[in-house]
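*Asks:* Produce the entire structure from the sequences given, and follow the hints as far as they go.
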Amino acid sequence: MKWYDIKKLHYIISFFLLIPFNADAQSKYERHVERYQSAWQKLIPKYTKLQFAGSMGLLSAGIGWDYGKQHQWETDVMLGFVPHYSSKSKATFTLKQNFMPWKVDLGKNLSIEPLACGLYINTV
Amino acid sequence: MRKKKIIILTQLFFVFTFFSCDLFEYQPYDGRISGETGINATNIKRIEENTEGKDTIRFVMMGDSQRWYDETEDFVKSLNKRNDIDFVIHGGDMSDFGATKEFMWMRDIMNSLKVPYVAILGNHDCLGNGEDIYEEIFGEENFSFMAGKTKFVCLNTNALEYDYSHPVPDFTFINNELKNKSPNQEKTVIAMHVRPLGVQFNNNSAQLFEYYVKQFPGIQFCLNAHDHNIEVEDILMME
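Those protein sequence lines, which keep their order, are chains A and B.
Going letter by letter, the first sequence gives residues 0 to 123 in numbering that gives the first Met the number 0.
Going letter by letter, the second sequence gives residues 0 to 238 in numbering that gives the first Met the number 0.
Don't read these hints as lab results, they were simulated from the structure.
Predicted model only: the values in this text are computed from it and were never measured.
Ideal placement from N, C-alpha and C gives every residue a C-beta, glycine not left out.
There could be a bad hint or two in this list.
Unchecked claim - Reference excerpt, derived from the structure (chain B facing chain A, CB under 7 Å, subset only):
1) V14
2) Q26
3) Y28
4) I32
5) D131
*Replies:* This is how it looks when you write it as structure tokens:
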């Protein structure tokens with residue numbers, strides 16, 4: 000038996016020892032699938048938004064994600080348009096970050112957020 | 000479901016009433032112009048009428064009032080106290096970013112001058128869709144007018160803001176001005192925003208520009224803005 004035969008034998012034995020043999024309810028593979036599926040699901044937008052004016056087009060429509068314990072942070076991606084006034088009509092793209100520190104509930108289906116502040120980048 | 004419909008309808012109602020309101024800015028470059036347009040044409044008529052037959056004219060050359068609205072108002076106030084000036088040439092850069100409202104704000108301040116004024120296109124005015132706004136509010140980028148016996152030729156020299164599809168300086172226009180001498184014209188003054196040898200100018204054509212300038216009858220001098228200083232300089236190259 001040459002020396003590389005013994006090395007090969009070692010590799011084969013360790014390989015077989017490392018294959019997990021568990022009797023768990025959910026296999027490692029299933030947990031892995033669940034993890035990446037929930038990561039992708041977090042990317043699904045939470046809401047759609049329609050905006051009038053705001054220096055980002057006559058009308059802009061977009062999608063957004065809200066997060067934070069009281070849902071006080073929002074990120075929006077919006078597409079808008081500016082009609083043809085004294086120059087060509089234009090499309091606009093906006094990336095917006097919002098923060099609403101307070102939320103007042105007025106009944107079951109209505110609430111008011113008195114202050115909304117944020118930053119946005121807009122390009123024509 | 001009904002409650003939701005009511006809420007949505009009230010929101011839409013507010014949105015559509017706000018459409019006509021001026022407080023909402025659609026976009027800084029939206030091109031929504033309100034107020035007077037065609038300023039240069041209107042004022043050129045006034046200048047030519049006021050200075051007809053005069054053998055001495057006095058005018059003010061200023062420019063680059065971008066974002067200095069208070070200072071421009073002070074300038075207007077102090078000029079309105081004088082009685083000896085015939086007209087004003089604004090050498091360009093009424094806006095800093097080429098945004099629609101900037102042009103309108105500067106136009107409204109300059110409109111309170113007692114005397115007529117003309118405005119030349121500056122390099123900042125070319126930003127965004129500024130050229131379209133300038134064309135609507137003021138007029139053509141190259142124009143000329145008579146004042147007394149002097150012809151004033153006002154040119155767009157902001158070559159860096161354009162590509163080769165658009166001639167800057169427009170030698171066809173300059174040639175036309177040379178050919179179409181006005182009946183009373185004895186002298187010429189050429190005004191522009193950027194001077195030859197400046198970074199914005201098409202310096203490859205600087206010598207040709209000088210050649211054409213020298214052809215004008217009774218050429219006195221050239222005027223320019225852009226440099227944010229007051230200076231008299233001889234920049235002739237072909238001597």
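*Asks:* Now tell me if each hint is right for this structure.
*Replies:* Consistency of the hints with the structure:
1. For V14/B, the shortest C-beta to C-beta distance to chain A is roughly 5 Å, which falls under 7 Å, so the interface hint holds.
2. Satisfaction of the interface hint for Q26/B is found here, the shortest Cβ-Cβ separation to chain A being roughly 5 Å, below the 7 Å cut-off.
3. Here the hint on Y28/B is kept, as its CB sits about 6 Å from the closest CB of chain A, short of 7 Å.
4. Given the 7 Å rule on beta carbons, the hint for I32/B holds: about 5 Å separates it from the nearest Cβ of chain A.
5. Against a cut-off of 7 Å between C-beta atoms, the interface hint on D131/B holds, since the closest Cβ of chain A lies about 4 Å away.
Violated hints: none; the structure is consistent with every hint.
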